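There are 2 protein chains.
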Amino acid sequence: MVGLGLLPAAPAGAFNLARSEKANKKVLILGAGLAGMNTAYELGKIGYDCTILEARNRAGGRIWTVRGGTTETEIGGETQTCRFDEGLYLNAGAARIPHHHQLTIHYCRELKIPLEIFGNFNEAGFYYSDSPKGALANQRVRAREIHADMRGQLYELLVKANDQKALDLPLTAEDADKLMTWLREEGDLNPGKHYAGSERRGYAVRPAGGTQAGEIGPAHALKDIVESGLTHPAFANIGEYTYHQQPVMLQMVGGNDYLPRAFAKILGDKISYGCEVKELRKTQPGVRVVYLDKKTGQTKEVSADFCVCTLPLPILKTVESDLSGNVKRAADFVPYMETSKIGLQFKRRFWEEDDHIFGGISKTNQDITQIFYPSYGFLGQKGVLKGMYNFHDRANRMGALSLAEREKAALEQGGKIHPQYKTEFENSFSLAWQKIPYSKGGWAEYSKSARERMYPALLEPDDDIYFAGEHVSHLTAWMAGALESSRRVVEMLHKRVSAN
Amino acid sequence: MVGLGLLPAAPAGAFNLARSEKANKKVLILGAGLAGMNTAYELGKIGYDCTILEARNRAGGRIWTVRGGTTETEIGGETQTCRFDEGLYLNAGAARIPHHHQLTIHYCRELKIPLEIFGNFNEAGFYYSDSPKGALANQRVRAREIHADMRGQLYELLVKANDQKALDLPLTAEDADKLMTWLREEGDLNPGKHYAGSERRGYAVRPAGGTQAGEIGPAHALKDIVESGLTHPAFANIGEYTYHQQPVMLQMVGGNDYLPRAFAKILGDKISYGCEVKELRKTQPGVRVVYLDKKTGQTKEVSADFCVCTLPLPILKTVESDLSGNVKRAADFVPYMETSKIGLQFKRRFWEEDDHIFGGISKTNQDITQIFYPSYGFLGQKGVLKGMYNFHDRANRMGALSLAEREKAALEQGGKIHPQYKTEFENSFSLAWQKIPYSKGGWAEYSKSARERMYPALLEPDDDIYFAGEHVSHLTAWMAGALESSRRVVEMLHKRVSAN
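Order-wise, the sequence lines are chains A and B.
Heads up: the first sequence begins at 97 in the numbering used here, then just goes up one per residue.
Heads up: the second sequence begins at 97 in the numbering used here, then just goes up one per residue.
Calculated from the structure, these hints are not laboratory results.
A few of these clues could be false.
A pair counts as met if it fits within one copy or between any two copies, since identical chains are not told apart.
Pairs of lysine-lysine, BS3-like flavour, derived with a Cα cap of 30 Å [claimed, not checked]:
| # | residue 1 | residue 2 |
| --- | --- | --- |
| 1 | Lys261 | Lys289 |
| 2 | Lys478 | Lys141 |
| 3 | Lys261 | Lys424 |
| 4 | Lys121 | Lys424 |
| 5 | Lys229 | Lys141 |
| 6 | Lys274 | Lys256 |
Since this is a predicted model, take the numbers as computed values, not measurements.
Bound-form chain A, shown alone (with noise of 0.2 Å):
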């Protein structure tokens, strides 16, 4: 009943755990990203002493946001500051927040963080095929087209199947035709059933005041998209029908730091910064963990009742520890997600002055992948686009360049569909996340085996040992996977301590 939106689904709202006597315990939280915070946060409010651990001099981990003055020194890499405006800024980790995603939503309701639209589809943005044929082939084209002229030319093809009686259509003949209504309306078909262009494609001449009723462009013909490589998944329509990507999604403003700036303040100093985990043991019954005080230059060791590791996996494989083998198996061997980003400053926001694009992405099958427009600070001088964002080799090819060399195809590949980079651009400021220390990777990307293979060690303690982070769920790569991983564990816990 839920699901079919019958009912209003119970909201994951205010997470009211009864306080309990027996909470007075110590509990050590390794990694200060979204989960490990969530998780001192939440243990706090019920009574629990958490303190956390954390590599970096900031909180967050994936949730990052780059402006101007942000440094950072990947593994092997040359140490680069971002060089923004001020107000400008890339959400280097995580960017966009789905409509449904409660948890996400719940804290920036709790933590009064407020919310805008980001524009993750948009029927303005580009598609750029490089191929070898084909006559829409290496030159950019407006997604509506092609989503228009695809549309009108397969619902034409629908509408003579049926007329041909080719369709088994499991309707009476009165609901066939209401179908066959509705499929020349959606396609917008000529009366003659035929797909000749739509004002959905856009317009070659503009309508406007007086004489000027606009002209439609012809329609791309089937085998020149197809030809052109515009049915390869590059081009897929992810941003309209996968349910995390679908409209309405959202960003905080500002930048997604926001949330775990938040609850870092709330923290304060139960948040240990520049302390790198080296060890993690345990002393049956709690915990010990010996970890490098950056600062100091010291090792140093603390003990709790229990400990909650965050780390992500990549990181957990680098930690000497008394963890289960099957533990250890899945730190070594679930597969993480190499992805890089480039974000892009212009001196001036060319997307929207001459092409109209406010929010939303551009897509090609060069190593870019996605050029994605900022969907905040409308109308200004200067904007900063994402140049690139792209998953495995194309992340690693793009990752193991310099800087500069980056920086340099990115403003190659994507002035193809802005000629505009060439006279505009600023700076920039790149990053792989596979080579991004304390993370060595976007997200956990479980392949069907390592799912059911090597996550369940992760979902019960390994003896007083707990694992939360967006790979301990199945919402991975977002934010509400850390989130809905650290309340699963906090309940676990205080339900173990408050039974004893």
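Following the hints, position chain B against chain A.
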């Protein structure tokens, strides 16, 4: 080339007409809506002496944002005063800005009015079909369920028809294979080429942390969708498809009256408020206008070299004039849209908290037709829904009701979609544009024959009287139509004056 996106379109940007000494002319403008004010603003820049007569005590015409304290009395209706809380508003007229409406966006840029995304299309919106039969009738269904299930089942039909060689594909065998692969991906068909539901339709149990992988509900059968009336035009995918409503759409931060307010502020006392035009006379050369000064009750008159008349045609019809027969005929017979809206203030944003809806629209074949969720003030305490937006007969039926009856009907019909209406409602403000003084309709709704036979009379000056407004454009109903038409008149008039 421009339409195909190969070259940036020339921006409809700054409007730098050459000043001319001959511009020392008096121009009397009727109506301080967008068209009238834009005319005065642009003619003023190049030296003309412009005056505007405006019947209302505010500028903006049908660009009207209703807030707490707004008062209105419909023709033959009761007086109502809006009781919305501070910060909440209803765009009673123009609500949406298409991303390609260059002039609307140009003036927002020039007058420094911030824009934000208007979420016109939301997969989380509901469809509610009031229907005597069908398994999905008389209940709310998420838009995403219908979209994903229709797409899946239609693409399955196409793939099957192709397997049976029943499609006449204009493609090589290799390209036909690519298209079939694309259809299977876009439709989310299973390896057996069958659509058996998809995550795109949403979850019956949401995916979360730990073991909660999520459960997808069963697909709605094509038969049930059609039989329940969900292929009725009431549920057409306008917000996704049509050129003027495609993502991304925009709105002005805080209310769309910021644009008319900015023009009015610049024009200052060039606008005379409370001046109702009674007569429009040709003095050959020049014009003479008789008007009622509502502040004093006195009838006055004013002369000028030229007149730019932006009165909506149903208002122009009521003015005594020397206008040509063709213009009078257009004023008499061009049909205007009947359309009504209601703003409903609720003490809790239940659509966000319970239903995860942030902006966008729910659709129904009931008289209310649509419910718009606000694209601003997310996560706030209270909110104002647009609880009705309808046209033609439905607007007439609702408009004919008393304010109390409208409120009751909107709550009853909308309450079928949102049972929370009952407990959360606080107050309302409603309007039917066909009953609003000085507008008497939503916008010019040209039939094909009216466009051919009556529209041309408005395109040329009738001696020294020019016509502007959305009704003198091919962008009727849009702010851009008013602006495009007025820029055109400015150019025409200045060209004529400069040539003399």
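Broken hints, by number: Hints 3, 5 not satisfied by this model.
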